[in-house]
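Chains R and X, in that order, are what the protein sequence lines are.
If you're matching positions, the first sequence starts at 1 in this note's numbering and goes up one per residue.
If you're matching positions, the second sequence starts at 1 in this note's numbering and goes up one per residue.
Keep in mind the hints are simulated off the structure, nothing from the lab.
Predicted, not measured: the structure shown is a model, and the values here were computed from it.
Beta carbons are placed, not taken as given, at the ideal position from N, Cα and C, and that holds for glycine.
Each hint can be trusted.
To spell it out: a stretch of chain X is covered by chain R in this simulated footprint if at least three of its residues, at any positions, have a beta carbon under 8 angstroms from a beta carbon of chain R; those stretches are:
1. 30-43
2. 174-186
3. 205-218
4. 383-396
5. 419-428
6. 435-448
7. 455-464
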Amino acid sequence: MKRLYLTFVALSLMWMSCQKEDQGTEPAPLPVPRSFEDLQISSQFDWRTQADFSLVVEGLKSLDYAPSQILSITDERGAVVYRYRMAMNQDRRLSFQAPAANRRMTVKFGSIEKEVVFSGNEGQFDFIPAVDNSDLDPSDR
Amino acid sequence: MKNISLLSALLLLAFSSSAQTVSNDYESGNRSVDIANCWAFGGFSVSTSGALVGSSSARSGSLNNNPASFWLQSPWLLLASGDITLTTALNSNDGSNGYQMIVSFIPYDANASFGQGTPFATTYTYNYSSPHSSAQSTNFAIPAAIANSSTPYKVMLNFVSLAGNRNRRALVDNWSIPGTYYADPAANCLPQQNITDSDGDGVDDNNDEYPNDPERAYRFYLNGPGNFTSMAFEDLYPARGDYDFNDFVLDMSLAAVVNADNELKDVEGRMVVRALGGDLIRGFGVHMPLLSPAEVASVTGQVLSTGDLNIAANGTENGQSNAVIIFCDDVNAIVNRAGGAFHNSISSNPRGSSDTIDFSMTLVNAVALERVFGQESGIFVFKQRSQEIHFANKQPTDLMDQSIFGTGDDDSDPAANRYFVTENNLPWALEVPMRFAYPEEKEDIIGAYLNFANWAQSNGSASQDWYLDLPGYRDNSKLFQE
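Turn these sequences into a full structure, and let the hints guide you.
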């Protein structure tokens with residue numbers, strides 16, 4: 001019985017150590033082949049260096065006056081890669097292409113400018129400013 | 001008829017009177033939302049604590065004897081005649097009666113800081129009455145001298161405790177101001193500008209890059225202004241190549257001209273052939289499967305010198321069910337091969353030159369951008385006209401000799417929508433979203449770009465910027481030296 005118990009404990013420890021290692025390790029990249037012909041490529045790979053991005057724009061519905069302006073998207077290189085004319089109270093889902101490596105892009109609508117983080121090639125934008133609350137009582141911030 | 005006129009007049013009056021009040025009940029519950037609507041705050045939050053009306057009110061910090069510490073402002077308004085009404089209170093009673101709200105009117109002055117000129121002479125002072133914590137409705141007449149003026153004004157409320165800080169906060173709710181909202185939330189909340197729309201397309205001339213053309217409103221570059229995208233091809237298709245991706249290198253910059261509804265009207269482009277690491281490629285064009293030839297009104301800038309192709313009057317290629325535009329049917333007409341057959345692909349050879357092609361395509365009717373710039377469209381090159389080479393999984397044109405598919409190393413399968421890839425999914429073309437520093441003749445791209453293999457083998461999820469000129473990214477000795 002004691003031997004059985006020790007075996008169980010040993011197996012449990014082995015299993016736990018395997019679990020820990022699995023959680024902390026990402027799959028190792030495939031070795032770099034010597035030539036293009038030897039690349040191991042997924043059959044789904046599309047070879048695109050640009051990606052399709054989506055920006056979900058939430059319009060500001062409470063506006064008494066909703067100006068129409070051109071919303072522009074500037075990528076991490078500082079290049080304006082998309083422009084779209086819309087009213088400030090409209091909801092939109094904008095689709096555009098940009099170099100796939102982009103993670104943060106700047107969205108500008110008139111005087112309103114925000115940096116948007118793209119996760120899974122999708123970002124969210126609204127017209128509500130990031131407000132400096134330093135004028136407020138500390139209990140109200 | 002008289003009755004109809006009378007009814008119309010009454011309706012107009014009803015709308016104009018309802019439209020002439022600007023109000024804020026702070027029910028957004030979030031002062032950032034109110035600020036986005038051009039209401040301004042100094043030391044006030046929007047809080048549910050002690051709300052006077054509804055679920056939230058504007059609430060100050062502890063008042064002091066400095067009136068500049070705590071204030072509220074309306075957006076820019078064109079004030080009408082009548083009374084401003086609001087509800088206010090303190091958060092708790094106090095034996096002292098020295099609590100005041102001062103009402104003033106600020107005119108717009110283009111030369112003043114934030115456009116805020118010297119306040120109008122008439123101000124009002126409201127003394128809070130006891131019990132201070134009871135909601136107190138009050139009203140103030142808009143001075144006749146500024147009512148119905150064409151000058152925009154802001155209404156400002158300042159709050160003060162004459163006895164200094166006695167830990168009392170002001171609460172404000174349900175502003176109602178006779179007048180018309182006149183701020184522009186997309187222009188730093190400054191007053192709206194008079195709108196002129198010369199071409200009647202609904203876009204103000206100040207925002208219209210084509211103010212006298214109702215079919216066009218603005219333009220943007222797909223890869224950013226001044227930036228090129230490079231298209232790099234291998235030319236031995238359907239056989240594998242040497243994968244130096246310099247057999248045909250084309251730099252391209254594209255701009256979309258769109259109308260007020262964000263639909264595409266024109267495409268403008270600039271192209272330069274930078275390298276021809278061989279003499280197999282004869283011409284190049286674009287295939288737009290989501291656009292029919294008849295939707296193209298005209299094309300300019302094509303370099304067609306052979307007379308071998310059948311081009312329609314609108315610039316599209318005849319015999320195609322989808323729009324195909326051939327930009328050049330003989331690259332030798334635009335390239336000066338100073339280095340022999342290998343044009344700018346061997347660094348030790350003399351440099352050749354290439355003409356720039358500026359082209360444009362105008363559509364009969366504007367269409368959704370995706371129909372031209374979507375994933376279905378693609379640049380292609382050809383040897384004989386029937387021997388096209390496209391990017392991976394782009395459809396061939398109708399003039400492609402489809403008997404080539406499946407020959408050599410090609411593993412195209414039209415039934416599976418699989419085109420221009422080998423059995424192990426290797427392509428004959430790459431696109432790089434910048435001016436591509438392409439490999440030297442016979443140098444495999446894997447040796448020249450040290451992160452390329454990681455990018456490709458990760459299915460494009462790693463090393464997505466493999467083409468950049470960053471430390472550790474390139475072996476410059478294997479790149480063509482320009």
